[in-house]
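Line by line, the protein sequences give chains W and F.
Just so you know, we're using the working numbering here: the first sequence kicks off at 351 and counts up by one.
Just so you know, we're using the working numbering here: the second sequence kicks off at 351 and counts up by one.
Don't take every hint at face value.
Any copy, or any two copies together, can satisfy a pair, since identical chains are not distinguished.
Computed cross-link-like contacts, EDC-like style, restricted to lysine to aspartate or glutamate with a CA-CA straight-line distance of at most 20 Å [stated by the list, open to error]:
| hint | residue 1 | residue 2 |
| --- | --- | --- |
| 1 | 592 | 517 |
| 2 | 414 | 602 |
| 3 | 590 | 605 |
| 4 | 652 | 525 |
Just so you know, these hints were derived from the structure itself, not from any lab.
There are 2 protein chains.
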Amino acid sequence: MAKELDLLEELRVRADTVATFIGQYLSKREPSELYTAARHLLHAGGKRLRPGMAILSCEAVGGKPTSVIPAAAAIELIHNFTLIHDDIMDRDNLRRGYPAVHTLWGNAGAILAGDTLYAKAFDLTTRAPAPPAQIKECVRILAETSVEICEGQWEDIEFENRDHVSEDEYLRMVEKKTSVLYAASARIGGILGGAERAVVDALGEYGRLVGIGFQIYDDVIDLRTPEDVLGKNRGSDILKGKKTLIIIRAHEFGENIKIFGAKKASREEINQAIRQLEDCGSIDYAEEKAIEHVQTGKNMLKILPETKSKQLLIELADYMIKRRY
Amino acid sequence: MAKELDLLEELRVRADTVATFIGQYLSKREPSELYTAARHLLHAGGKRLRPGMAILSCEAVGGKPTSVIPAAAAIELIHNFTLIHDDIMDRDNLRRGYPAVHTLWGNAGAILAGDTLYAKAFDLTTRAPAPPAQIKECVRILAETSVEICEGQWEDIEFENRDHVSEDEYLRMVEKKTSVLYAASARIGGILGGAERAVVDALGEYGRLVGIGFQIYDDVIDLRTPEDVLGKNRGSDILKGKKTLIIIRAHEFGENIKIFGAKKASREEINQAIRQLEDCGSIDYAEEKAIEHVQTGKNMLKILPETKSKQLLIELADYMIKRRY
């Protein structure tokens, strides 16, 4: 617990630097309402785990944090762009306890706010204090990553309309939709920190595996965390008919979740469905999968020298499967 | 007329190269339906004036067309991304005579198809056969340009809900929404062709001015071109309540266009409104403004040596205010 508090404090210091940087960078333009919409979720907070991972990766290979701040900010902008557009597509009206961007500015406003952040992310990446060849590599990583995020989101939506999704298909979707941005964060931190290829690759693999663990565990949290901690209704993924690993596994066990995709259900029906998933072992199964991925991810860091930043990267990986929200 | 046919043939050759390049680049990925959606408008054709301008600019400064093909393709992808998202925002169900992307794949599909093209554009730019410093500059230009396009589109939508828009405000909006991508096309052609700063700047100014002329003239076409040539209903901008330069000028003349923003009107009412705009001189006024911008734009090319490519750039500028659709 003391360790976790230490990690969170270390992340907070770096998150604040990134938030200040983004605030200055996004503050000066017209039309001001567009930028208010674009900044909306950034102000709503979030843990900024991705820029944190980028900065720690840079430090862990001996680079200065200042080398990576603009790129780390770019990663956070890309993350926020995907949240804004995802909320339109998924018709989610709340995000981090605040109204979603499209709830306040309509679909058109939210599409443009997201598109603006997307472009700003690439602009920012070109402003990293680094040789052009490194910048070019970072731009390509972010572009390829963004493409994969779109592919993953497309599959996620498509899975909702399919009768059957296999565990492998689910894991590939999660990899694209979520883990590639963690992989990009760690890679870019390594590149701008001046690391050699093998180290950059190991960091990328660390980010990828930890990111998969993060996403699988997210679905565990959705079912196990009390609502007052969660900040949203428990079991919302079940009602939406999201084919998470937990649901896929339950189906493999032959379980029939009555309210799956039902849109609405009573609190008692939801609790009953969650108990059913607990009892058949599919939540435990997902948790174990998440732990496995995080463990394999941490092993990738063996290539790094022993530093405080490396230790924090390890703790960050562990945090993915310990957090309650 | 012979000249125009020559220009169109020269543009077609270059457009085909870019189309082939894009076709190969976008063909190999899963989920294939996402890429079908992303390619939809590219297949529907379009004149590809922007990549044409980029390639001609590269040639006109003595560069090889191959140096600029990936970046020219990137510009076309950004253009198509904006069309896809604009059609969602403007609720336009037809584009180039084909169903819009959101008509076929829904808003979520169209948002993702656009986002994918956007990211692919930056990926492509990093693949230009050029020194990293040039690539970095091109990425920054495309990113800044995309930001301005979003700002312009935001203002365009906002203008619809305002009582009064001044001519200056309109021109600034058009500059951001449309002309900056022409400016970027010419600049990037110059940069990747190896031109010095003053030449790159002159090309950028050429593209900017010609782009403004293009957009103003687009509104003239919407009122003067017969529907069978136009491929859509004449006067649709009037019904939508778009505050074009023509409408702004007519309001300044004290004209009251009855069906402005009326959504629906009979053919006779539309023809009557167009006659009213003709009679008060506001369509002529817009045409003159378009011609002025194109003329000033062409003057920027004086810095270039006399070549066939320079001549084609001049004809391309003239084409903006001669085309009928």
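Hint check:
1. 592 - 517: Within. Shortest intra-copy distance 13 Å satisfies the 20 Å Cα cut-off; inter-copy 50 Å does not.
2. 414 - 602: neither (49 Å within a copy, 59 Å between copies)
3. 590 - 605: Cα proximity of residue 590 and residue 605: one copy only (18 Å, versus 53 Å across).
4. 652 - 525: neither (23 Å within a copy, 53 Å between copies)
Consistency with the previously given hints fails for numbers 2 and 4, ordered from lowest to highest.
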